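A.B. asks: Listed below, chain by chain, are the residues.
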Amino acid sequence: MAYSFPEEVLEHVFSFIHTDKDRNAISVVCKSWYEVERWSRRRIFIGNCYAVSPGIVIRRFPELRSVALKGKPHFADFNLVPEGWGGNVYPWIAAMAMAYPMLEELRLKRMVVTDESLELISRSFKNFKVLVLSSCEGFSTDGLAAIAANCRNLRELDLRESEVDDFSGHWLTHFPDSCTSLVSLNISCLASEVSFSALERLVGRCPSLRTLRLNRAVPLDRLPNLLRRAPQLVELGTGAYSAEHRPEVFSSLAGAFANCKELKSLSGFWDVVPDYLPAVYPACSGITSLNLSYATIQSPDLIKLVTQCQNLQRLWVLDYIEDGGLDALAASCKDLQELRVFPSEPYDMEGNVALTEQGLVSVSEGCPKLHSVLYFCRQMTNAALVSIAKNRPNMTRFRLCIIEPRTRDYQTLEPLDVGFGAIVEHCKELQRLSLSGLLTDRVFEYIGTHAKKLEMLSVAFAGDGDLGLHHVLSGCESLRKLEIRDCPFGDKALLANAAKLETMRSLWMSSCSVSFGACKLLGQKMPRLNVEVMDEGGRPDSRPESCSVEKLYIYRSVAGPRSDMPRFVWTMKTLS
Amino acid sequence: MENKVIYEKDLNLEATELRLGLPGTKKPEKQAPPSLKTSNKRALPDMNEESGSGNNSSVSDDGKSDRETAPAPKAQVVGWPPVRSFRKSCFQPKKTEAEEGRVYLKVSMDGAPYLRKIDLKVYKGYPELLKALEEMFKFSVGQYSEREGYNGSEYAPTYEDKDGDWMLVGDVPWDMFISSCKRLRIMKGSEARGLGCFL
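As you go down the protein sequences, you meet chains A and B in turn.
With full-length UniProt numbering, the residue at position 72 of the first sequence is 72, and numbering never jumps.
With full-length UniProt numbering, the residue at position 189 of the second sequence is 189, and numbering never jumps.
Everything labelled a hint here was simulated from the structure, so no lab data went into it.
Take every hint as true, because none was put in to throw you off.
With a Cα cut of at most 16 Å, we get these calculated EDC-like pairs of lysine to aspartate or glutamate:
| hint | chain 1 | residue 1 | chain 2 | residue 2 |
| --- | --- | --- | --- | --- |
| 1 | A | K369 | A | D335 |
| 2 | A | K452 | A | E477 |
| 3 | B | K117 | A | E83 |
| 4 | B | K106 | A | E163 |
| 5 | B | K182 | B | E160 |
| 6 | B | K106 | A | D142 |
| 7 | B | K117 | A | D165 |
| 8 | B | K106 | A | D166 |
Predicted model, so just to flag it, every value in this text is computed and none were measured.
Based on the provided sequences and hints, a complete structural model is requested.
C.D. replies: Next up, the structure:
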């Protein structure tokens with residue numbers, strides 16, 4: 001009675017199945033499906049480069065065309081991961097150069113990428129098309145020159161938020177005249193001036209260019225020429241948005257913007273001079289994404305711009321927008337889905353702007369589609385959080401940063417447990433949450449009880465003891481990533497929930513109360529976890545076992561302990 | 001499931017007991033970790049706070065507070081608030097590497113697939129620096145002599161100075177070196193020997 005489709009049929013059916021989740025699901029149906037699936041998989045996402053080795057990946061998936069890798073833990077963004085920790089991409093490139101000559105796409109996040117790696121990429125993959133380096137570091141403009149020169153079919157070069165050793169802008173001239181395939185170019189993180197004429201020629205000869213994110217060094221008076229050569233642009237990042245006010249520059253700019261009928265996304269706006277902002281007004285009705293997080297202009301100018309963008313879905317802005325600006329946003333932009341408000345003066349304890357919890361409440365009231373929030377502010381109340389929660393049960397990402405650690409509800413002086421509790425209780429689809437303010441173990445009880453879809457939780461300066469951590473680890477069924485700093489969480493909760501850690505991608509704990517002895521025990525009992533202790537003060541076993549470790553990073557892995565640990569990272573293996 | 005049961009036997013009941021104090025007033029018995037750069041603990045609630053930001057001078061000095069006594073300016077906690085470095089100050093024209101007097105330099109070694117960054121200010125002189133480089137990249141630098149450069153090793157530590165020239169590490173006085181060095185490169189083979197004979 002047993003029957004099976006010929007492999008070709010299975011393969012054809014599988015070609016319609018794209019998401020990782022679905023692909024993983026079909027691969028475990030039976031051995032023959034596993035085989036067909038693994039030979040036909042073209043795209044892979046590896047959320048932790050140390051969870052698996054290049055060899056294992058290559059052995060299972062011999063025909064990949066697109067690889068995405070993430071390296072350092074998220075807290076590396078805030079300088080909590082010491083230099084030299086790891087995340088080097090070179091071993092992956094070297095292995096893939098042999099195994100995947102037809103590799104087309106590489107997307108890396110928080111990895112160390114050397115010029116050597118870039119050179120190897122540019123020489124090894126004849127059909128290389130997409131390079132996205134997000135928050136990466138370790139390379140210079142020399143490496144970029146190699147990519148530009150050798151990747152004949154390059155479509156995307158995106159360096160978003162990477163740290164580049166920027167020797168000069170000369171690398172851009174390495175794109176040969178025959179390169180006409182660019183679709184996306186993002187050089188916004190670079191400091192040096194690129195050759196403007198080379199840039200103009202490049203933009204002019206790439207008719208499919210949709211995304212162009214310039215760097216700050218491109219002056220405003222160069223922008224009209226670039227836009228005229230690429231009227232089909234969908235996403236534009238300006239350079240410095242300032243110039244002396246000259247009517248001919250303004251009208252040239254306004255005309256160029258009016259001519260870009262496909263523009264949906266705007267960013268850049270460094271050093272912005274308000275007088276020039278009206279030049280973008282012709283494009284505003286089509287804008288769905290606006291990143292003004294570098295625009296140091298005040299609320300009235302921000303309001304004028306934002307209220308023109310009736311179709312806005314995503315807004316990133318500095319707290320200069322203030323409560324008044326957010327009220328205006330709530331009234332004008334009914335399609336808003338994502339709001340990020342960044343602090344203009346993060347280290348100024350006093351606060352320099354009239355941005356409070358009220359602004360966020362307004363937006364939560366006025367924008368029915370709002371589901372993703374990142375909000376830096378200096379005060380908060382439980383009442384405001386409860387309002388936000390009730391207004392927006394569709395919230396999926398809620399990251400609140402009250403700048404001063406352990407800040408109370410300023411009206412009732414209570415901790416903010418109840419407020420965040422309301423968020424997790426009402427927002428049943430919440431996937432990501434970052435906490436701040438004064439918080440006791442109660443908030444973690446609420447989270448463990450209600451946040452069943454929560455995948456990522458960030459905690460700082462919160463909680464009373466192990467019970468808090470235990471609530472989260474035992475209650476949050478969907479938890480994949482947990483990052484904790486400066487909380488009094490210790491051994492008990494960790495050891496009691498050891499098995500949970502194998503169901504997660506990773507756990508980060510720094511400046512907590514986890515003892516070295518507990519780390520040793522965990523490392524011994526859980527062979528499929530890499531328990532990495534980071535201590536820049538010397539060998540952790542040179543102190544009593546009850547001493548707390550500085551930093552702890554635990555992640556599941558099928559590759560065993562990594563072989564590239566720097567001197568300040570220890571596992572059970574290196575200590576025995 | 002088993003884990004939960006085991007945990008409950010060890011449960012710290014104090015954590016859940018009823019108390020008469022305001023929430024958040026109890027100082028937990030497990031102390032905050034010693035590695036905190038500033039101590040943020042508050043022994044008592046500050047009844048004079050209007051907003052979360054003011055916190056220093058009006059708190060009682062009952063001795064239980066383990067905060068530093070100077071009210072301002074507050075020492076920065078590493079990595080807080082969680083803002084990416086390129087967002088830190090809106091008025092900063094360009095990213096500078098010299099933050100807080102530190103001078104971070106990139107160090108590469110021929111053949112090694114990784115870069116390192118070091119803070120030159122940490123070292124007091126060439127011997128310390130060379131030893132650190134040897135440890136970092138696991139090689140031996142050999143014996144330095146003014147005339148012959150580095151003997152007994154196929155590697156030589158070099159640096160790029162402000163003028164863009166590549167020099168052998170050790171050729172100029174230390175102070176001149178740290179003020180002119182832009183980046184370091186540990187060269188291998190004949191290139192290194194060529195440089196050694198530069199003078």
